[in-house]
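Asker: Since the structure of chain A is already known, use the hints to place chain B on it.
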Amino acid sequence: MSNWQILWQARDQFWSGFLSTMTIFGCAISAAFVIGCVLLYLLEGSRPRLAVPLRVFIDGMRMLPFLILAYLLYYGLPSFGIRLDAWWSGVGALAVYHGCYIAEIFRGSRLTFPPGQIEAAQAHGFTRSKMFLRLILPQIVMQTRPLLGNQLIYALKDTAFLVIITVQELTAAANSLSGTYFIPTEAFIVVIGFYWAVSIVMEVIVKQCGRFGSRRGFDNV
Amino acid sequence: MSDLHATAGRQATPEPPAAGNSHVTTAAVSIRNLSKSFDDVEVLRDVNLEVKQGDVVTILGSSGSGKSTLLRCINWLEQPERGTIHIAGERIGMNADGRPMSVKALARVRARTGMVFQSFNLWPHLNVLHNVTEAPIHVLGQPRQEAEARARELLDKVGMSHKQDAYPNTLSGGQKQRVAIARALAMQPEVMLFDEPTSALDPELVGEVLGVIKALSAEGYTMVIVTHEMAFSRAVSDQVVFLEKGLIIEQADPETFFTRPRTERVQRFLERHQ
Chain A
0 MSNWQILWQA RDQFWSGFLS TMTIFGCAIS AAFVIGCVLL YLLEGSRPRL AVPLRVFIDG
60 MRMLPFLILA YLLYYGLPSF GIRLDAWWSG VGALAVYHGC YIAEIFRGSR LTFPPGQIEA
120 AQAHGFTRSK MFLRLILPQI VMQTRPLLGN QLIYALKDTA FLVIITVQEL TAAANSLSGT
180 YFIPTEAFIV VIGFYWAVSI VMEVIVKQCG RFGSRRGFDN V
Chain B
0 MSDLHATAGR QATPEPPAAG NSHVTTAAVS IRNLSKSFDD VEVLRDVNLE VKQGDVVTIL
60 GSSGSGKSTL LRCINWLEQP ERGTIHIAGE RIGMNADGRP MSVKALARVR ARTGMVFQSF
120 NLWPHLNVLH NVTEAPIHVL GQPRQEAEAR ARELLDKVGM SHKQDAYPNT LSGGQKQRVA
180 IARALAMQPE VMLFDEPTSA LDPELVGEVL GVIKALSAEG YTMVIVTHEM AFSRAVSDQV
240 VFLEKGLIIE QADPETFFTR PRTERVQRFL ERHQ
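Note that the protein sequences, when read in sequence, are chains A and B. Note that numbering that gives the first Met the number 0 has the first sequence beginning at 0, numbered continuously upward. Note that numbering that gives the first Met the number 0 has the second sequence beginning at 0, numbered continuously upward.
Derived from the structure by calculation, the hints contain no laboratory data. Every residue gets a Cβ at the ideal spot worked out from N, C-alpha and C, and that includes glycine. Do not rely on the hints blindly, as some may be mistaken.
Stated by the list, open to error - Taking beta-carbon pairs under 7 Å as the criterion, some of the chain B residues facing chain A (in silico):
(1) Q78
(2) A134
(3) H137
(4) Q141
(5) P142
(6) Q144
Pulled out of the complex, with its shape left as it was, chain A reads as follows (with noise of 0.2 Å):
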C-alpha cells in the first residue's frame, strides 16, 4: 500500500480536522471582526483616556507572536482562575489577535477619512454612533478591503498553531497521520493544498465583492 493509499484511507481523519479548521477559522474571524469595529469606534471619540490605553493595547498585541498568546490563554489564564478548554482558547486568542490588527488596519483607513462628509453627516443631524454605522464604517470595510483579504489569510494559517494546545484540527490530524505511519512529507502535502485552497477561494470571493465598492469608485478591481 503506498503512502498516498494509507492517507486515503484516513481521509475521514482529514476532513474532520478540516472542518474544524473551518469552524474555528469562521467563529475567530468574524468576531474579530466585530471587534475591530468596535475598537475603531472606541478609537472614534478622541477621548485621551480611552484612547491611550487602546492604542497600548492594540500595539501590544500586534507586537506579541501569535503562539504566547494562544499559550498564555491555554496555560497561563488557569492560574488566574479562569479555565477556558482548547477550542475557545485557540478561537479567544485568534479573535482578539486578529480583531486588533483589523482595528489597526480601519484605524488607518480612518485617519485619512474626508472630513467633509463627517460634517455633512452632522449637519443632517447624524448622531455619533449612527453615523459611525451607517456612513463610516461602510466606507471602512470597502476601502480595506485588499488588507482585510490579507489578514483572512493570515488568521486561517495562524489556526495551524492550534494543535500546540492541543486543538483537534486540520494540523493536527497530519501531525497524527504522520507520526501513526512515518509518512511526514506526504501528509503535510495534503495538509498545504486544503490551505492553498482555502486561501484561493477567499481570494477570489475577496476580489470578488472588490466590485462592488469599485462601482462605488473606492478601487479599481
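Answerer: For chain B alone, kept in the frame of chain A given last:
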C-alpha cells in the same frame, strides 16, 4: 446693529414650504452678538443677523472675511465663543443655562437646518437616491417608502431624477451639487445654508446649480448663501450682507447694495468683481 429686516427685494413672499403658519413671527435664523476666534485671530466680531422666514440672504466678502465661519456657526459646525443663535426660535449649541447642549439635542436642532457644501460631500458608498433618503430615514425616522417618494420629487426638482441609481463618483460636479441640494432639502429644513456652492465647479457647470437655487428662492425657501457670484446675489437676495474682518460693515437690499453702497470698501469690492 439689530434686526435689519431689509425691505424685501421680492414682492409677495410665498409661504415657506417647510414651515407652518405658527412660525411666521419667528425669524428663521436669529444671530446675536456672535464672536468667534481661531487661536488669537478674531474671525467674527459681535455679529448680529436676522433672517426672516422665506428670505434669501447672501453673505459677501473677500476670503478670510469670516463669511464661511459665520455660516458654519449657524448649524454649530463651528462653535462661537460668545453670542446666541436661534433656528426658528430654538437655540442651537447651548442650553438656556449656558452649558453645551447634549449631543442628541444638538443633532436634533441641526436637523432643522440643511447645508450644502463647497465640496459637495456626498456619501460615495450610497447611490443618489439613498444619499437623499439616508438622513430622513435614519435621523428623522421616516418610513422608507415615504422618504423615497419624497426624494424622487426632490431629485426631479433639481433635475437629477434620471440619475437616482448612479453613484456619486460617476457624476459631474454640478450634478453632485444638485444632489447635495436635494439631500439637504429632504430634511425639510427651516433654513438652507449654502457654503460657496459653486466655487468648486467648472465655470460651465455653475449655471445649473445657481438655476436650482434661484428656483428654490422663488418657491419661498429660507436660504443663507455664502457666494462670490455677484449677479446671482443681486438677482436672488432679499438682503445682502458684507463681511470684512469679521464685522458686518454693510447690509442692505440688493438694489441699494449693488448700486449705492455706503462704504468705500464695498465700492472697491464691487468694482473688482464686475
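Asker: Are the hints correct? Go through all of them and say.
Answerer: Quick rundown of the hints versus the structure:
no. : hint : in the structure
1   : Q78  : violated, 12 Å
2   : A134 : holds, 4 Å
3   : H137 : holds, 6 Å
4   : Q141 : violated, 12 Å
5   : P142 : violated, 17 Å
6   : Q144 : violated, 19 Å
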